[in-house]
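Trainee: Residue numbers (our numbering), protein chains in the order written: chain A, 1 to 297; chain B, 1001 to 1262.
There may be inaccurate statements among the hints.
[What the hints assert, rightly or not] Some chain B residues near chain A, calculated using beta-carbon distances under 7 Å:
1. His1076
2. Thr1080
3. Ala1085
4. Leu1086
5. Arg1090
6. Ala1096
7. Gly1100
8. Met1108
9. Gly1110
10. Met1115
What the hints contain is simulated information worked out from the structure, not anything from laboratory work. Glycine included, C-beta positions come from ideal geometry on N, C-alpha and C.
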Amino acid sequence: MQFFFEVLIGGLLSGVMYSLVALGFVLIYKASGVFNFAQGSLVFFAALTFVGLMEHGLTFGAALAVTLLVMILLGLLIEKFVLRPLVNQPQISLFMATIGLSFLIEGLAQLLWGANVRGLDIGIQDEPIGWIADATGVNVSKFDLSAAGIAAVLVTLLALLFSRTRIGRALRAVADDHQAALAVGIPLQQIWGIVWAVAGFVALVAGLLWGARNGVQFALTFVALKALPVLILGGFDSVPGAIVGGLIIGATEKLAEVYFGPYVGGGIEGWFPYVLALAFLLVRPEGLFGEKIIRRI
Amino acid sequence: MTAVRAIGDPVLRLDGVSLAFGGVKALNDISLDVREHEIRAIIGPNGAGKSSLLNVINGVYHPQQGTITFRGKPRHNMDTHETAALGIARTFQNIALFRGMSVLDNIMTGRNLKMKASVLEQAIWFGRARREELANRAKVEEVIDFLEIQHIRKTPVGRLPYGLQKRVELARALAAEPSLLLLDEPMAGMNVEEKQDMCRFVLDVNEQFGTTVVLIEHDMGVVMDISDRVVVLDYGRKIGDGTPDEVRSSKAVIDAYLGVPH
Ligand SMILES: Nc1ncnc2c1ncn2[C@@H]1O[C@H](COP(=O)(O)OP(=O)(O)OP(=O)(O)O)[C@@H](O)[C@H]1O
Ligand SMILES: [Mg+2]
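Extracted from the complex, chain B is given alone in its bound form (with noise of 0.2 Å):
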């Protein structure tokens, strides 16, 4: 089903990966790569450090074992923003969007990091800043056009229901042109219309753009259909990870799902 897309070599490495909160081991000893232009998704039950790992990517969380690679370059406790203009953007398990704002402003700020102007020349409204602005909501535009979210471009997005919420985040990351994109359970709470709508825009994403996709998903379905690879995570640690035909079949994964005790 994605088989157009030639998937490259690794952009992203992790060795080793431990994080702990407390007594905690949220993650503990990961080791896995992601390959330029392949979906990746992350499964595994609740509380098994899929959100944690995603964090420990965009550097909400540094690990406090293990190095991190991104395109080549080791990674030393990087934060958020940095990683944002190393090309990775997000969305969140719980939507976090800045709800007092409109649609298009939420989007627009995807395109902060694209943005030059200087302070002072934005106060006067000043040559460049406008250029800029203009330059971005074209931009912006064409994120909405693609996401067919334009009837409610100007919408509070706390007015919005939780599905097209949910796109809105998606468009505020695609609006960043990243390269690796970082999606938390993006269909979750959806009714199937609207996670067919959300596969088929993370499929053309990855298709047209070329974009890096790591994907956490609870709808087996739907981790089946979409991704290249697959990672199995169960209390932190790492059970599976290969194609979605090898991991259905792989006994560890196969009792993490039902329950064996361990």
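Bound conformation, chain A alone (with noise of 0.2 Å):
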């Protein structure tokens, strides 16, 4: 039973990391309908812009602000130069745009920084904490622990910003109706702009975590793709949907892994996500959280 709980908190804090990811692919899809494929290259240029800056001997906090700043410029330049243009465009031309930007982004990631795999050191170890092992006997990693904490704190700022606050509303609004948002005042372009430079700052945090556990490396981009399953599961414009979806990937790929893992030869962690929402497609396409589609005839 130990052993399960601890399997389980593993798979739960990771959850967390995944359902930050997902997020940035929510803001976006709520705000303009677009699914935002280069979610993943901004969370690998966040962190190898973090890393060079660090090696050209910034301090921690000072490439911190210096990366933060770049991506909030980024997703901004995003948002001024390739969707913009493309207002009122096809969905599917919209999604074919950012396929294209995160070759770019990769592209310039790599060109800018050098493509070795290098570490990043957040000052946080990877290690058992000791007292909760002591009461209950469960290891809890303290990396995991503290990564899936700040993850959490960010993802509850931005829940509450998106449910309760005017911003929050003018953002779904224009994901309902422009028209109508523009009447009621709302400038389209200024709620697009808020929205990628905070799709940046969470794919900095994104990069930062995950780099840091797994290594600074072009592989970070597929840890985006663990979000899709996470965004099938949680539904596509669901903030509350993301956390969940997170949640119940990271703790169900773990436990399929360590249960059922041993039966099949390993590395269910790999497609166990995939399958679980290819399962719930089919009876929940809308998602847990997703509005619901109601069709009448």
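Since each chain sits alone in its own frame, please combine them into the complex, following the hints.
Mentor: Structural data, given as structure tokens:
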């Protein structure tokens, strides 16, 4: 039983980090109906820029500040030069644009900082927390817990921002009806700018946490692909969905790996979330919290 | 019936406004004015250009020719969120509510321009953001009381019957405390009772807040009852303009409505 909890907790903690990545997608999807394929590249870009700056002698804090500015700027530029000119184009065009964008950002990142794998130390060790182990016998990684804590704070903050403030309402309004949003005085472009800047910021935090755990390397872009089953589970337009979806994916993939893995030779973690999402898609296509699609005939 | 208000000087003036979509002339050399505190109706057969006229006034479309003057200042290709900032609010012919949101949240979006707290302040629910939210919420409650929709406050608008959705859309427009209110067929698709309610609300808004109203309506009874002056459009042209009685007896108007060939 102890072992079960250990796996479950480990899974939930990494799940929080999936939620964080998924949230980046949800924000943009909510505001502009675009599935931003480049979100993973943004995560990679952020992590690489941060390590690159540290290698050039910047302190942790300075590198963080500069990267934050760079990410916000990048988000604003993407909105202005990629999305805005494509307003009112079919969604598939926008989607294609973000695919192109992802290659551009990945290329740019490697051009600027080189392509070798780097370590990233954010000063928290990946070791069991002593007092928890002593008291309950369950090993909980200090790194996992801290990372999940940071991610949880950010996710909560964003969820609150979008559920009970003017900006949040404006964002949801824009997502529902452009014309009506304009008519109540919501400037579309400002909202999109904010959303992309926030997505850049979320990418930075996700990049640092995942980079610190797995090393800063190209594979970081695949972390974003893990967000896909999270989104299918939670619904593409739901902030709470991203949170719960991330937790479910994180927990079940670890449990599946440990308990079923041995029978099929392991490596379940890699594909289990997608199968789960697929099964879920058949039952509830709008996701756990997505807006229910009602078809009246 | 609407004699108590003192109708003032023109607040909005259109001069020679033309708007074309490809080959279709939706508006052809339209000139008209709207006076302070009046209820101005726009009537005309389907496709006459009524909605286009409202869309030009609130900046959805920019006319290819002509000028629009609002409160003495000529406007140059102003966008919708800018006209909103000038105090122009509207409802749409096809209800354009934010379907995923509750009635309350929909109406709160109407207060968007009155709220000033920065993104950062809002993110941490800082003093000003919080005070602002509560103050505006109070204002929204007034509108809700005024339109008698207290009971559906928390309902997602998508679940409401059509008539109530129209009322919520009016509430969202009123929440902005507009000086000029544009209503595109506010009573279309309503039953008699709902229509009466809506008429009463429009008259009350006009009387109690002094709001100038421009409204498009097909129901002649309603138009004749509540409007001070009426503009008649047909095929993008203005074919009549005056008091309800004047318009009713105009030959051009009668011809347009009875379908005399052009
Ligand atoms: N966005 C647009 N693109 C192309 N044509 C348009 C557009 N909007 C309106 N039109 C055309 O302009 C003309 C006037 O349309 P408008 O919607 O203003 O009429 P209306 O008087 O409001 O009619 P209804 O009573 O049916 O609402 C019509 O011929 C319509 O097809
Ligand atoms: Mg119309």
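Trainee: Next step is simple, just say for each hint if it's right about the structure.
Mentor: Do the hints match the structure? See the list:
{"no.": "1", "hint": "His1076", "in the structure": "violated (18 Å)"}
{"no.": "2", "hint": "Thr1080", "in the structure": "holds (4 Å)"}
{"no.": "3", "hint": "Ala1085", "in the structure": "holds (6 Å)"}
{"no.": "4", "hint": "Leu1086", "in the structure": "violated (10 Å)"}
{"no.": "5", "hint": "Arg1090", "in the structure": "holds (6 Å)"}
{"no.": "6", "hint": "Ala1096", "in the structure": "holds (4 Å)"}
{"no.": "7", "hint": "Gly1100", "in the structure": "holds (6 Å)"}
{"no.": "8", "hint": "Met1108", "in the structure": "holds (6 Å)"}
{"no.": "9", "hint": "Gly1110", "in the structure": "holds (5 Å)"}
{"no.": "10", "hint": "Met1115", "in the structure": "holds (5 Å)"}
Hints 1, 4 from the list above are not met by this structure, while the remaining hints are.
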